[in-house]
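*Asks:* Chains as they are written, first to last, in my numbering: chain P, 1 to 193; chain X, 1 to 193.
What the hints contain is simulated information worked out from the structure, not anything from laboratory work. Any given hint could be a false lead.
[Claimed, not checked] Negatives, chain X to chain P, calculated, CB over 10 Å:
(1) Met24
(2) Glu27
(3) Ser62
(4) Gln74
(5) Ala100
(6) Lys129
(7) Asn131
(8) Pro155
(9) Leu160
(10) Lys167
(11) Gly187
(12) Glu192
[Said to hold, decoys possible] Pairs of lysine-lysine, PhoX-like flavour, derived with a Cα cap of 25 Å:
(13) P/Lys47 x X/Lys56
(14) P/Lys67 x P/Lys93
(15) P/Lys167 x P/Lys98
(16) P/Lys48 x X/Lys167
(17) P/Lys67 x X/Lys98
(18) P/Lys28 x X/Lys47
(19) X/Lys28 x P/Lys56
(20) P/Lys56 x X/Lys98
(21) P/Lys28 x X/Lys48
(22) P/Lys48 x X/Lys67
(23) X/Lys98 x X/Lys167
(24) P/Lys67 x X/Lys47
(25) X/Lys93 x P/Lys48
All C-beta atoms in this analysis are idealised placements derived from N, C-alpha and C, irrespective of residue type, glycine included.
Protein chains: 2
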Amino acid sequence: MNYPGINKKYQIAHEPVSHRNRGMDLEKLLNLSNEYYIEKDIAIIYKKPTPIGINKVNYSNSHVSIKDAYFETQSTLDYNGIYQGKYLDFDAKETLSKTAFALANIHEHQILHIRRIIHHHGYAFLIIKMNNQYFLLPGNKLLYFIDHENRKSIPYIYLLENALIIKEGYNPPLDYLKALDIIINKGEMIYEN
Amino acid sequence: MNYPGINKKYQIAHEPVSHRNRGMDLEKLLNLSNEYYIEKDIAIIYKKPTPIGINKVNYSNSHVSIKDAYFETQSTLDYNGIYQGKYLDFDAKETLSKTAFALANIHEHQILHIRRIIHHHGYAFLIIKMNNQYFLLPGNKLLYFIDHENRKSIPYIYLLENALIIKEGYNPPLDYLKALDIIINKGEMIYEN
Numbered sequence: 001m002n003y004p005g006i007n008k009k010y011q012i013a014h015e016p017v018s019h020r021n022r023g024m025d026l027e028k029l030l031n032l033s034n035e036y037y038i039e040k041d042i043a044i045i046y047k048k049p050t051p052i053g054i055n056k057v058n059y060s061n062s063h064v065s066i067k068d069a070y071f072e073t074q075s076t077l078d079y080n081g082i083y084q085g086k087y088l089d090f091d092a093k094e095t096l097s098k099t100a101f102a103l104a105n106i107h108e109h110q111i112l113h114i115r116r117i118i119h120h121h122g123y124a125f126l127i128i129k130m131n132n133q134y135f136l137l138p139g140n141k142l143l144y145f146i147d148h149e150n151r152k153s154i155p156y157i158y159l160l161e162n163a164l165i166i167k168e169g170y171n172p173p174l175d176y177l178k179a180l181d182i183i184i185n186k187g188e189m190i191y192e193n
Numbered sequence: 001m002n003y004p005g006i007n008k009k010y011q012i013a014h015e016p017v018s019h020r021n022r023g024m025d026l027e028k029l030l031n032l033s034n035e036y037y038i039e040k041d042i043a044i045i046y047k048k049p050t051p052i053g054i055n056k057v058n059y060s061n062s063h064v065s066i067k068d069a070y071f072e073t074q075s076t077l078d079y080n081g082i083y084q085g086k087y088l089d090f091d092a093k094e095t096l097s098k099t100a101f102a103l104a105n106i107h108e109h110q111i112l113h114i115r116r117i118i119h120h121h122g123y124a125f126l127i128i129k130m131n132n133q134y135f136l137l138p139g140n141k142l143l144y145f146i147d148h149e150n151r152k153s154i155p156y157i158y159l160l161e162n163a164l165i166i167k168e169g170y171n172p173p174l175d176y177l178k179a180l181d182i183i184i185n186k187g188e189m190i191y192e193n
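Make the full structure from the sequences, and use the hints.
*Replies:* Structure follows, in structure tokens:
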């Protein structure tokens with residue numbers, strides 16, 4: 001593909017293009033990236049449906065419709081799948097704060113889930129959007145912070161030092177598996193409290 | 001635990017107890033088994049929420065309620081997770097037929113999903129309830145039948161010959177990972193058309 005007016009180097013190399021995806025929410029960017037990974041036979045990763053509690057259902061003319069329901073909290077993380085034969089499990093979070101990512105964004109049972117996945121030799125992580133950057137925070141770095149720092153939020157500097165920056169591109173819009181490769185190449189994700 | 005009137009051998013050995021779980025539906029049995037696996041730190045497997053399409057939502061007093069929605073079809077399989085560091089993906093199906101399992105029970109995109117998971121070195125399978133027995137049909141055996149037999153249903157005899165019988169017990173009610181162990185011990189689940 002050719003984009004007139006854009007420096008050729010950027011077109012080919014898929015270098016980070018600032019603000020390219022601004023305005024598109026994180027979930028949308030990840031869904032597009034996951035579609036790309038499936039199409040290119042790179043990984044099979046899906047977002048789980050939002051859990052719904054149902055109060056009332058109508059049956060009419062063999063048609064079922066839900067007439068009263070409510071959103072429930074996911075007891076796990078939102079995304080999971082398989083990449084290079086490995087089990088992946090992650091969640092996507094956005095924060096408007098420029099200085100810290102509040103741990104209140106992650107539920108207690110999600111932290112427990114991350115512990116379990118790492119313990120079972122899977123790769124658990126968070127994708128965090130902060131200051132118009134996208135970070136992949138490995139689950140073990142998250143758990144280390146929670147277990148060793150008596151703080152209610154993760155400072156931005158901790159992300160800069162412990163998370164991987166996910167480059168934005170045209171397609172996939174967020175190539176987070178390229179960031180994950182760096183972790184996978186180091187070996188299994190290990191956490192010992 | 002002690003159950004008066006039940007032969008001690010059966011209590012201890014967790015031998016298959018016929019009709020023990022009769023009346024409980026397959027999904028319930030699998031959810032209980034998955035809870036057992038998590039509690040005992042054996043595997044982390046969850047059923048995905050049923051996908052819902054939403055037409056209308058009400059906002060009142062900071063409370064969100066869904067007032068019109070409909071059930072959507074899962075584009076993947078219902079259950080996935082990690083066991084012995086391996087990615088698992090499966091669906092549960094029941095049939096009342098005593099002679100054959102209709103392939104119409106499995107959607108086209110689910111079959112494609114099974115192909116992809118096996119291709120990416122995961123373990124995909126079906127758990128089928130038929131004739132009051134529970135079978136674990138490995139994904140590669142399912143694909144082989146679909147690709148080589150010009151039939152619209154899988155005969156019961158094919159299950160007897162190619163699937164593994166899942167033993168019923170007290171807890172877990174359906175120890176399907178014990179059946180899966182037999183497959184895992186043979187090595188990777190491979191399918192070549």
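*Asks:* Give a verdict on every hint.
*Replies:* Hint check results:
1. Met24: Since the minimum Cβ distance to chain P is about 20 Å, X/Met24 lies beyond 10 Å and the statement holds.
2. Glu27: Holds, since 15 Å exceeds 10 Å.
3. Ser62: Non-interface label on X/Ser62 holds, nearest chain P Cβ at 13 Å vs cutoff 10 Å.
4. Gln74: violated (8 Å)
5. Ala100: holds (25 Å)
6. Lys129: holds (23 Å)
7. Asn131: Non-interface label stands for X/Asn131: nearest chain P Cβ at 29 Å, farther than 10 Å.
8. Pro155: holds (30 Å)
9. Leu160: Label holds. Min Cβ-Cβ 30 Å, cutoff 10 Å.
10. Lys167: holds (23 Å)
11. Gly187: holds (13 Å)
12. Glu192: holds (16 Å)
13. P/Lys47 x X/Lys56: At roughly 22 Å apart (the allowed maximum being 25 Å), X/Lys56 and P/Lys47 satisfy the hint.
14. P/Lys67 x P/Lys93: Not satisfied, since the Cα-Cα distance of roughly 30 Å exceeds 25 Å.
15. P/Lys167 x P/Lys98: holds (19 Å)
16. P/Lys48 x X/Lys167: violated (30 Å)
17. P/Lys67 x X/Lys98: violated (37 Å)
18. P/Lys28 x X/Lys47: OK: P/Lys28 and X/Lys47 at ~23 Å, within 25 Å.
19. X/Lys28 x P/Lys56: Holds, at about 21 Å.
20. P/Lys56 x X/Lys98: Between P/Lys56 and X/Lys98 the Cα gap is close to 34 Å, so the pair fails against 25 Å, i.e. violated.
21. P/Lys28 x X/Lys48: Within the cut-off at roughly 20 Å; holds.
22. P/Lys48 x X/Lys67: Measuring from Cα to Cα gives roughly 22 Å; hence the hint holds.
23. X/Lys98 x X/Lys167: Within the cut-off at roughly 19 Å; holds.
24. P/Lys67 x X/Lys47: Between P/Lys67 and X/Lys47 the Cα gap is close to 24 Å, so the pair holds against 25 Å.
25. X/Lys93 x P/Lys48: Distance of about 20 Å is within 25 Å: holds.
Comparing the model with each numbered hint stated earlier shows that hints 4, 14, 16, 17 and 20 do not hold.
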